Amino acid sequence: RQKQYRQLTSHLRKAHPSIGHRGSPLNTQKTKLHQLPLMASIITNISLPATPLNSSPVLLPPPTTTTFLLRFPSKPALSSSRLSLYSTLPLTASFLVKCSQNGGNGSHVKRTSLHDLYEKQGQSPWYDNLCRPVTDLIPLIESGVRGVTSNPAIFQKAISTSNAYNDQFRELVHGGKDIESAYWELVVKDIQDACRLFEPIYDETDGADGTVDAAKWLHKVVDRPNVHIKIPATAACVPSVKEVISLGISVNLIFSLSRYEAVIDAYLDGLEASGLNDLSRITSVASFYVSRVDTLVDSMLEKIGIPEALDLRGKAANAQAALAFQLYQKKFSGPRWEALVRKGAKKQRLLWASTNVKNPAYPDTLYVDPLVGPDTVSTMPDQALQAFIDHGTVGRTIDSNVSEAEGIYSAIEKLGINWGHVGSQLEFEGI
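All residue numbers for the sequence shown refer to this note's numbering, where the first residue is 55 and numbers rise by one.
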């Protein structure tokens, strides 16, 4: 991965000699920000740390480990903790910003199905996009959106297609920043601005909404109270969840039931091992990916080719998601969980991610309508969000037909498709 990173940066240097070396200013009269092959494509492929290589105040330790300082302002019990992870643990730099309605302009806002989704069914609708200016989110917030998610690919699109970043970028490169450091400072500003906009809901909901999830180093750079950790649910990373759960950790890229159960167990173990008498400030989500499952399983079903297999296309993802919700209910109940509740523990909410429909033959709310349930989150990109506002169904559906979900899950297995292999392949592709 280090070799791959060197090759990628070498490519950038050849393409743009004026920014090829750290400290060399960019000739902004000749090269504009949107013309650069932005760093999101690199960040998603390099090894740890996925952080600026030369940016203050982040100081990188020796290559063998990556150490992150986490600070939680106004939360003494959680402050000044350090975490060290081996560089083989592949953290992804994705961010999670939760928000609520902003009534500051006093304008009348028409209710939408998103308000009902939260108020009647207990599911938080989030928007899968973040760009400048973040104030563009206010109409969505007023329409009922309670959160925002982003990732390097989204930032790449935002930065490369907008002029809103050019002024800050010019200042950074004239100040001697290399392109990767400049990229991350652009990203950090967006997250900081979003935090300022959304912080009131963090207080109103006692931390349930209003947080930002990011890679560990970003917490220090953003320096906002509503920043949490987010790591991928790989076999290598899951054991570390127990060690850092008291810091407020969220888990990303879950594609299988077995991995999800391991994530829940690590969360519960971490709460018990935290040594805290008050667990009420610890909040977390587990991001369970949906449409990507159907994309892969559908291709396998089509290769099998028999009518029984073809009839199961477009059903695998929601069936597995429904069973994940059953697992969620089972794990967050009983004597063990009740003992933690007495200390103020909160459930690790299920977040449905990758809700955009990949197959145009499928309904545009396929991964939203059937997954409505209490204490869950659904993050939707533009297409899915607008479709749900227009004709989405508000009603508890996630456990409306569990027996059907079990039948679909079992039928796919009987056709020779290994759910464990499906999860492993998607996890590998996601990382």
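Think of the hints as simulated: they come from the structure by calculation, not from any bench.
Any given hint could turn out to be false.
[Unchecked claim] Heads up, simulated PhoX-like pairs for lysine-lysine below, C-alpha to C-alpha not over 20 Å straight-line:
#, residue 1, residue 2
1, K385, K296
2, K357, K174
3, K397, K412
4, K164, K296
5, K357, K412
6, K397, K211
7, K384, K400
8, K174, K164
9, K400, K296
10, K400, K385
11, K174, K211
[Claimed, not checked] Simulated restraints on C-beta separations:
#, residue 1, residue 2, range
12, K164, E467, 26 to 32 Å
13, E467, G329, 39 to 45 Å
14, S312, I358, 19 to 25 Å
15, G229, S454, 52 to 58 Å
16, S334, Q437, 33 to 39 Å
17, K174, D365, 29 to 35 Å
Small disclaimer: the values here were computed from a predicted structure and weren't measured.
Where is the CB? At the ideal position from N, CA and C, for every residue including glycine.
Structure-based check of all given hints:
1. Taking the CA atoms of K385 and K296, the gap is about 16 Å. The hint holds against a cut of 20 Å.
2. This hinted pair does not check out: K357 and K174 have alpha carbons roughly 42 Å apart, beyond 20 Å.
3. Restraint check for K397 and K412: the C-alpha separation of about 43 Å exceeds 20 Å, so the hint is violated.
4. Note on K164 and K296: the hinted pairing is violated, with a Cα-Cα distance of about 43 Å set against a maximum of 20 Å.
5. A C-alpha spacing of about 18 Å is found between K357 and K412, which places the hinted pair at or below 20 Å, so the restraint holds.
6. Simply put, K397 and K211 have alpha-carbon atoms about 43 Å apart, too far for the 20 Å limit, and the pair is violated.
7. Proposed proximity of K384 and K400 is supported: the alpha carbons are some 15 Å apart, at most 20 Å.
8. Taking the CA atoms of K174 and K164, the gap is near 17 Å; set against the 20 Å cutoff, the hint holds.
9. Our distance criterion of 20 Å between C-alpha atoms is met by K400 and K296, whose separation comes to about 15 Å.
10. As the CA atoms of K400 and K385 are separated by approximately 13 Å, the hinted pair is consistent with the 20 Å bound.
11. Among the hinted pairs, K174 with K211 is inconsistent with the structure: their alpha-carbon atoms are about 35 Å apart, more than 20 Å.
12. Hint check: K164 to E467, Cβ distance near 46 Å, so the stated range 26 to 32 Å is violated.
13. Judged by the Cβ atoms, the range 39 to 45 Å given for E467 and G329 holds: they are separated by roughly 41 Å.
14. Distance hint for S312 and I358: a CB-CB separation of about 23 Å, consistent with the stated range 19 to 25 Å.
15. For the pair G229 and S454, the supplied restraint of 52 to 58 Å holds, since their beta-carbon distance comes to about 56 Å.
16. Checked against the hint of 33 to 39 Å, the C-beta distance between S334 and Q437 comes to roughly 37 Å, which is consistent with it.
17. A C-beta distance of roughly 33 Å is found between K174 and D365, which places it inside the suggested range of 29 to 35 Å.
Checked against the numbered hints above, the structure breaks hints 2, 3, 4, 6, 11 and 12 and satisfies the rest.
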